[in-house]
Amino acid sequence: MAEKKIMLGNEAIARGAYEAGVKVSAAYPGTPSTEISESIVKYDEVYAEWSPNEKVAMEVAIGASISGVRAMASMKHVGVNVASDPLYTASYTGVGRGLVLVAADDPGLYSSQNEQDTRCVARAAQVPVLEPSDSQEAKDFMKFAFEMSEKYDTPVIVRTTTRLSHSQGMVVLEERQEVPDKPYERNIGKFVMMPGMAKGRHVYVEKRMEAMSEDGGGFFVNRAEYRDTSIGFITSGIPYQYVREVFPEASVLKLGMVNPLPRKMIEEFASKVDKLYIFEELEPVIEEQVKSWGIEAAGKEIFTRQGEYSANMLRRILLSEEVTEAQAAQVPARPPILCPGCPHRSVFSVLKKLKIHAAGDIGCYTLGAVAPLSVIDTTICMGASISSLHGMEMAKGKEYVKNWVAVIGDSTFMHTGVNSLMNTVYNQGTGTVIIVDNSTTGMTGHQDHAATGKTLKGKTVPAISIYHFCKAIGIEHVVEVDAFDLPLLEKVIQEETERDEVSVIITKAPCVLLKGNHFPDVCVPVPEKCKKCGACLKPGCPALTKKEDGSIAIDATMCNGCGLCMQLCPFDAIAKEPK
Amino acid sequence: MITKSIMIVGVGGQGTLLTSRILGGIMQEAGYDVKLSEVHGMAQRGGSVVTFVRYGEMVAEPIVEEGQADVLIAFERLEALRYAHFLKKDGVLIVNDWRIDPITVVTGAAEYPENIIDELGRKHKVYAIDAMKEALALGNSKTFNVIVLGAAAKHMDFAKEDWLKVIEKTVPSKTVEINQKAFLVGYES
Ligand SMILES: Cc1ncc(C[n+]2csc(CCOP(=O)(O)OP(=O)(O)O)c2C)c(N)n1
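Line by line, the protein sequences are chains A and B. For the first sequence, our numbering gives the first residue as 1, with consecutive numbering after it. For the second sequence, our numbering gives the first residue as 1, with consecutive numbering after it.
Chain A extracted, bound-state conformation (with noise of 0.2 Å):
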């Protein structure tokens, strides 16, 4: 019997790489994309990388496409943004061997910062998209992805989401299918694209995407169930799910290929049904092309174009079910926080006490933005913060941004903060940039990256220095300093504010939750001691709570032993202790 395993939709996609004969991966990191380069990095016959962002990724994807082996590259929606300038343009040149691009949308907001849709960006692109319901349809998908990619001669975009991407369900494994090479030969109609080649592909453009919409009634990603044929539905993904879970009975058009739509084949099912529903998330990317045909359907003036879709929504909008009589309780909200011993709340509580607004950037230090901290006013997506900051100085002047620092991570520094950094130093800013150094990409679950000297297969390789790259670039006033130590913290932050030229500010300590990383001690109050000032609770450590008579509790079993609240009590009210 073949063997059956429980897999994360994730891992799935990497498995269906790695079965459909993948020789190289690139990605970038991102929620809910993370888990596809985790996975397939555990096959020998696969290289892949990190890159340093989702552009890179994708243009080394289509190299290793061009030199004639199946690749791929992966990254959550908003990496789509940065790598669609590739992607545009290699919809046109189409492949060598087989190309997708795993594009993670996130439906109800888990972990990012928009809810795009990335099915419009393929739409734009003229690009096709498959979009699997389940672990076992990820795996599939992707090796008849490459399957489409080579015979249309097109990257193909899987589109996952957070929720089938973070879902484990069974999936049947199959042997690794071995393609050959394909010989290289120059054809710079196909793979240079100056305005006459470009001509002439977009023609070629065309014509695929009608194909494909042609062929699609034959894909058998895209499946007409006939049931009771009173109520019809067309969805995929996910939502698929719920409409099975609610209406068994009812007729259903599961769209695989969502990207272009195989119209003969919806004009038939429409045909069908009496009253048709379309049900998808987000976007009415399908609604829209589907009522452009004339067909009478229902679709987001029923269902909402935000968040995640469940099976409840149907049974309230389609049945007016009342699911539960329980009533949600009152409760105080749990958002996310920075952990204990995270050097990022130190660097915080410093910007905190001189009262330094921050231009933020995407990472685990976005909390910095909530209270009690409340020290970064914007965040807008990766390397927006030293790029925004210099826009407020050009706008405002000098003296405006005396009082403001750019705050960026390590991996995010890396991944466009550098492009920033030279237009400050190219523009002639005065900016301070302050590089909060945990050593990882820490929000995505701690990937390496090209500044900690060890890459996604394991191997150790030479740290690019953050220190030595700004340098490079002509910053005179570069400062690495301890993330832990307050005063010569609070010291270079007013120095380097103050100075009429760009500076950069490196705050080093690794995360705490990296393996291996423990401070030997926890801190443990000194009752005695304690005059209930509440100092130590100012940067919202959880590991400590304020007891009834004001004075203050270590939960020992959270506390990492970072010793911020012990440099913040006046009165030597919290010590330390060996673990």
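Take these hints with a grain of salt, some might be off.
[Stated by the list, open to error] Derived coverage of chain A by chain B (criterion: at least 3 residues anywhere in the stretch with Cβ under 8 Å from a Cβ of chain B; other residues may be distant):
1. 249 to 255
2. 310 to 321
[Said to hold, decoys possible] DMTMM-like mimics (lysine to aspartate or glutamate), calculated; alpha carbons at most 25 Å apart, straight line:
3. B:K133 with A:D521
4. B:K125 with A:E325
5. A:K546 with B:E114
6. A:K5 with B:D130
7. A:K579 with B:E161
8. A:K538 with B:D101
Treat the hints as calculated values from the structure; they're not laboratory data. Note that CB positions come from ideal geometry on N, CA and C, so glycine has one too.
Start from chain A and add chain B with the ligand according to the hints.
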């Protein structure tokens, strides 16, 4: 068999993922179709986290919704209260008698509700266990979640021996013994 639904709720960092792996394992061993859905990313940093587990002959949707959970396993009291309305009328709630203040409470913006367990007991079948105390008695505070799982396992359809076997398969070999012990502490509580 109709599909059954289990939820595990807790605070990011409490290690809900190990528990869900063991649950997934035992259901697979028993030959069921299984779907698990978990939270990765931002919420794992001390936020409220939920894992859904569904098993049966053929499972369609991967999530558990309001009013559907047969068993709710809560690693912390406030999280039990937050998700109690996901329970079915006759569903059981297993709660670790443990408090972690959310930041909203630490900053004084909100108050941690009193008497959560009594309150919940008025509406649901509730089994509370002080798993942290038991875990410390075992000499490893990290085993508390397997203790809670043991307490919950009594209310599910699988044999004790099968649980122990799955734990052996799932956890790192060095920690098999301590985890099996922890499981039994909960199971026999
Ligand atoms: C374009 C893009 N790619 C990926 C992500 C996902 N993501 C969010 S934060 C982050 C990196 C965080 O690492 P770092 O800057 O080192 O900060 P830390 O979390 O370690 O504090 C990533 C990759 C994103 N939001 N946008």
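Here is what the structure says about each hint:
Residue count for the stretch 249 to 255 of chain A with a Cβ under 8 Å from a Cβ of chain B: 0. That is fewer than the three needed, and the coverage hint is violated. Against chain B, the stretch 310 to 321 of chain A contributes 3 residues with a C-beta closer than 8 Å to a partner C-beta. That satisfies the three-residue criterion, and the hint holds. Restraint check for K133 (chain B) and D521 (chain A): the C-alpha separation of about 22 Å stays at or below 25 Å, so the hint holds. Restraint check for K125 (chain B) and E325 (chain A): the C-alpha separation of about 16 Å stays at or below 25 Å, so the hint holds.
Proximity of K546 (chain A) to E114 (chain B) is assessed by CA-CA distance (about 16 Å); at most 25 Å being required, the pair is judged to hold. Only pairs whose Cα atoms come within 25 Å are accepted, and K5 (chain A) paired with D130 (chain B) is rejected, the gap being roughly 35 Å. Our distance criterion of 25 Å between C-alpha atoms is broken by K579 (chain A) and E161 (chain B), whose separation comes to about 36 Å. The straight-line distance between the Cα atoms of K538 (chain A) and D101 (chain B) is roughly 15 Å, inside the 25 Å bound, and the hint therefore holds.
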